[in-house]
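*Asks:* Position chain S against the provided structure of chain C, taking the given hints into account.
Residue numbers (the numbering used here), protein chains in the order written: chain C, 208 to 320; chain S, 7 to 120.
Calculated from the structure, these hints are not laboratory results.
Keep in mind that this is a model prediction, so the values were computed, not measured.
The beta-carbon is built from N, C-alpha and C at its ideal position, and this holds for glycine as well.
Treat the hints with caution; some may be incorrect.
[What the hints assert, rightly or not] When the alpha-carbon atoms are kept at most 25 Å apart in a straight line, the in silico DSS-like pairs for lysine-lysine are as follows:
no.	chain 1	residue 1	chain 2	residue 2
1	S	K48	S	K28
2	S	K77	S	K63
3	S	K43	S	K64
4	S	K43	C	K214
5	C	K214	S	K48
6	S	K63	S	K74
[To be verified] Sample of chain C residues facing chain S (criterion: CB under 10 Å; computed from the structure):
no.	residue
7	M238
8	Y242
9	G247
10	P274
11	S301
12	Q309
13	P313
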Amino acid sequence: SAVISQKPSRDICQRGTSLTIQCQVDSQVTMMFWYRQQPGQSLTLIATANQGSEATYESGFVIDKFPISRPNLTFSTLTVSNMSPEDSSIYLCSVGLTGDTQYFGPGTRLTVL
Amino acid sequence: GENVEQHPSTLSVQEGDSAVIKCTYSDSASNYFPWYKQELGKRPQLIIDIRSNVGEKKDQRIAVTLNKTAKHFSLHITETQPEDSAVYFCAASTDSNSGYALNFGKGTSLLVTP
Chain C
208 SAVISQKPSR DICQRGTSLT IQCQVDSQVT MMFWYRQQPG QSLTLIATAN QGSEATYESG
268 FVIDKFPISR PNLTFSTLTV SNMSPEDSSI YLCSVGLTGD TQYFGPGTRL TVL
Chain S
7 GENVEQHPST LSVQEGDSAV IKCTYSDSAS NYFPWYKQEL GKRPQLIIDI RSNVGEKKDQ
67 RIAVTLNKTA KHFSLHITET QPEDSAVYFC AASTDSNSGY ALNFGKGTSL LVTP
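Bound conformation, chain C alone (with noise of 0.2 Å):
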């Protein structure tokens, strides 16, 4: 497996502002993804993060809102963007490393007050 890590490892912000979370992987992977775990709740895919162009973003999820990059085959981010209450969340990214197996990183713990 692979060593995954997010920055922040949680933070607590103002609505109204943005937040942007960090994936890093100490080896280059084909396949990135963004999800969300609301409090109590199962994880729901936000976006497969594509290297050298756009995300790919699933029902509900727009990318004004959780803008994504993926410079290079190591690293991702997602932005969350004009964040409110609602937003309040686990953010993780996983990453795809042998076809369809997948690994979690850490987590990004968001509060939105």
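*Replies:* Relative to chain C, chain S alone:
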């Protein structure tokens, strides 16, 4: 899109007993079915997975079975221990334009009492 149903939502067993968690999926094209264990405050950890060309897979006390015809798969934990207490998530994945994106069930909170 894919819809994954998971039951039960909570499960309490005594140490040493077996625990079974069941999931169904809707998309017949799904071909990969992982199970994740998430302890409180930690990331989901992959514990076992199965692909559509296999009916059963076992790893020590953990086993997963898949019935493609019925579109359901199950996690079996034998000889449960208190450290097995966690939330377990099933997921289903299809090779698509989004790669192998995972669709998760709602989770099962397993409590193993000594």
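*Asks:* Decide, hint by hint, whether the structure agrees.
*Replies:* Results for each hint:
Between S:K48 and S:K28, the direct Cα distance comes to roughly 23 Å. Compliance with the 25 Å bound is thereby established for this hinted pair. Distance hint between S:K77 and S:K63 is fulfilled; the C-alpha atoms sit about 16 Å from each other, no more than 25 Å. The straight-line distance between the Cα atoms of S:K43 and S:K64 is roughly 16 Å, inside the 25 Å bound, and the hint therefore holds. With a C-alpha separation of about 23 Å, the suggested pairing of S:K43 with C:K214 holds against the 25 Å cut-off.
A threshold of 25 Å between alpha carbons decides the hint, and for C:K214 with S:K48 the separation of about 15 Å falls inside it, so the pair holds. Simply put, S:K63 and S:K74 have alpha-carbon atoms about 14 Å apart, close enough for the 25 Å limit, and the pair holds. The criterion of a C-beta within 10 Å of any C-beta in chain S is met by C:M238, whose closest approach is roughly 5 Å, and the hint holds. The restraint placing C:Y242 at the interface with chain S holds, with a minimum CB-CB distance near 8 Å, inside the 10 Å limit.
A hinted interface residue such as C:G247 counts as satisfied when its beta carbon comes closer than 10 Å to some beta carbon of chain S; here the least separation is about 9 Å, so the hint holds. The interface hint given for C:P274 is violated, since its Cβ lies 17 Å from the closest Cβ of chain S, which is over the 10 Å cut-off. Interface restraint check: C:S301 against chain S, minimum CB-CB distance 8 Å, threshold 10 Å, status holds. At its closest, the beta carbon of C:Q309 sits 6 Å from a beta carbon of chain S; the interface hint therefore holds under the 10 Å criterion.
Evaluation of the C:P313 hint against chain S yields a held restraint, the C-beta minimum of about 5 Å falling below 10 Å.
Checked against the numbered hints above, the structure violates only hint 10.
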